[in-house]
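Using the sequences and the hints given, assemble the complete structure.
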Amino acid sequence: MLIFYWLRLFEPLSTALSLPAFVCDVMAAVDRTGKTYFVTGGASGLGLSVAKLLLAQGANIAIGDKNVEDGKKTAETLGPKCLFCELDVTQKESMRAAMRSTVAEFKGLHGVINCAGVGSAFTTVDKKGEPHSDKFWDFVMKINAYGTFYGSSEGAAEMAKLPADAEGNRGVIINVASVAAYEGQRGQLAYSASKGAVVAMTLPMARDLSRYGIRAMCIAPGIMDTPLMQSAAPKVKEGLLASVAGPKRFGTSEEFASLCAHIIDNGYLNGETIRLDGGVRFANL
Numbered sequence: 000m001l002i003f004y005w006l007r008l009f010e011p012l013s014t015a016l017s018l019p020a021f022v023c024d025v026m027a028a029v030d031r032t033g034k035t036y037f038v039t040g041g042a043s044g045l046g047l048s049v050a051k052l053l054l055a056q057g058a059n060i061a062i063g064d065k066n067v068e069d070g071k072k073t074a075e076t077l078g079p080k081c082l083f084c085e086l087d088v089t090q091k092e093s094m095r096a097a098m099r100s101t102v103a104e105f106k107g108l109h110g111v112i113n114c115a116g117v118g119s120a121f122t123t124v125d126k127k128g129e130p131h132s133d134k135f136w137d138f139v140m141k142i143n144a145y146g147t148f149y150g151s152s153e154g155a156a157e158m159a160k161l162p163a164d165a166e167g168n169r170g171v172i173i174n175v176a177s178v179a180a181y182e183g184q185r186g187q188l189a190y191s192a193s194k195g196a197v198v199a200m201t202l203p204m205a206r207d208l209s210r211y212g213i214r215a216m217c218i219a220p221g222i223m224d225t226p227l228m229q230s231a232a233p234k235v236k237e238g239l240l241a242s243v244a245g246p247k248r249f250g251t252s253e254e255f256a257s258l259c260a261h262i263i264d265n266g267y268l269n270g271e272t273i274r275l276d277g278g279v280r281f282a283n284l
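Under numbering that gives the first Met the number 0, the first residue of the sequence shown carries the number 0, and numbering increases by one thereafter.
What the hints contain is simulated information worked out from the structure, not anything from laboratory work. Just so you know, even glycine gets a beta-carbon here, dropped at the ideal spot from N, CA and C. Some hints here could point you the wrong way.
List of simulated lysine to aspartate or glutamate pairs, EDC-like, C-alpha gap at most 16 Å [what the hints assert, rightly or not]: (1) Lys247 - Asp224; (2) Lys106 - Glu157; (3) Lys34 - Asp164; (4) Lys247 - Glu237; (5) Lys34 - Glu104; (6) Lys236 - Asp224; (7) Lys34 - Glu157; (8) Lys141 - Asp87; (9) Lys65 - Asp87; (10) Lys34 - Asp224.
Pairwise CB distance ranges (calculated) [said to hold, decoys possible]: (11) Asp164 - Lys127: 52 to 62 Å; (12) Pro246 - Arg95: 36 to 46 Å; (13) Lys91 - Pro246: 33 to 43 Å; (14) Arg280 - Arg206: 45 to 55 Å.
Shown next, in the form of structure tokens:
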């Protein structure tokens with residue numbers, strides 16, 4: 000039986016690393032003991048929320064992050080079933096080493112969730128008439144597009160080496176795009192292009208990996224209740240919420256995590272991008 004848990008928890012991730020007691024009770028119905036998942040960008044934000052949820056369900060988790068201090072502290076707090084791997088997602092060798100360390104530690108790998116990402120704030124031509132920075136374009140593309148490609152390909156290569164289950168399945172890759180892939184705003188040229196690449200690579204990835212019993216899915220979050228959004232001016236928040244069909248609020252990281260869990264559980268989801276956005280459709284803001 001596949002169960003989709005809709006969680007509406009509004010406690011910021013920065014205030015606690017443990018799931019509330021009632022959430023643990025709800026999650027007890029799912030047992031992921033013996034399963035291992037790698038989460039890029041897992042030391043904070045959406046990635047941390049995914050790590051917390053899967054750990055609560057009994058899984059082993061490896062979090063890959065460039066921030067060594069935060070990553071180590073997070074892993075220590077989450078307990079012995081959480082491994083921290085220092086990771087630069089822009090470097091294939093770093094990703095390969097992290098994936099292999101995970102397999103060596105937990106004797107398996109059943110999924111990769113590519114949460115590492117970065118935003119942008121450059122227009123095609125700025126107010127001074129200067130064109131978009133090549134350096135910044137490359138920076139955003141390397142983290143968002145190449146980072147997802149490396150996480151997916153290196154993770155899939157490790158999963159393909161492992162025994163399949165009774166149905167021939169080995170695991171799942173969950174890529175993280177953004178609604179900006181479809182409705183990018185001013186200043187989001189590089190960001191929208193990079194997230195569009197993440198959406199575009201998911202279907203051919205699913206087709207490529209079907210022979211190994213590995214699925215590939217993508218989530219395109221809308222406006223999420225992140226620390227950055229919490230610090231925005233009230234007028235900015237009001238303007239953004241006006242574009243949300245409903246419910247009239249920002250999405251939570253826990254809702255993102257619950258969708259990741261559903262994708263893991265629903266074996267017939269493959270090659271698709273799911274918008275997690277409250278029906279938001281952006282005009283030219």
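Now the hints, each set against the structure:
1. Lys247 - Asp224: holds, 12 Å
2. Lys106 - Glu157: Roughly 11 Å separates the two Cα atoms, so the pair holds.
3. Lys34 - Asp164: holds, 12 Å
4. Lys247 - Glu237: Within the cut-off at roughly 10 Å; holds.
5. Lys34 - Glu104: Judged against 16 Å, a Cα distance of about 12 Å means the pair holds.
6. Lys236 - Asp224: holds, 10 Å
7. Lys34 - Glu157: The hint holds at about 14 Å.
8. Lys141 - Asp87: Roughly 10 Å separates the two Cα atoms, so the pair holds.
9. Lys65 - Asp87: Within the cut-off at roughly 6 Å; holds.
10. Lys34 - Asp224: Status violated; Cα separation ~29 Å.
11. Asp164 - Lys127: 52 to 62 Å: Cβ of Asp164 to Cβ of Lys127: about 58 Å, so the range 52 to 62 Å holds.
12. Pro246 - Arg95: 36 to 46 Å: At 42 Å between Cβs, range holds.
13. Lys91 - Pro246: 33 to 43 Å: holds, 41 Å
14. Arg280 - Arg206: 45 to 55 Å: violated, 29 Å
Of the numbered hints given earlier, the model fails hints 10 and 14; all others are met.
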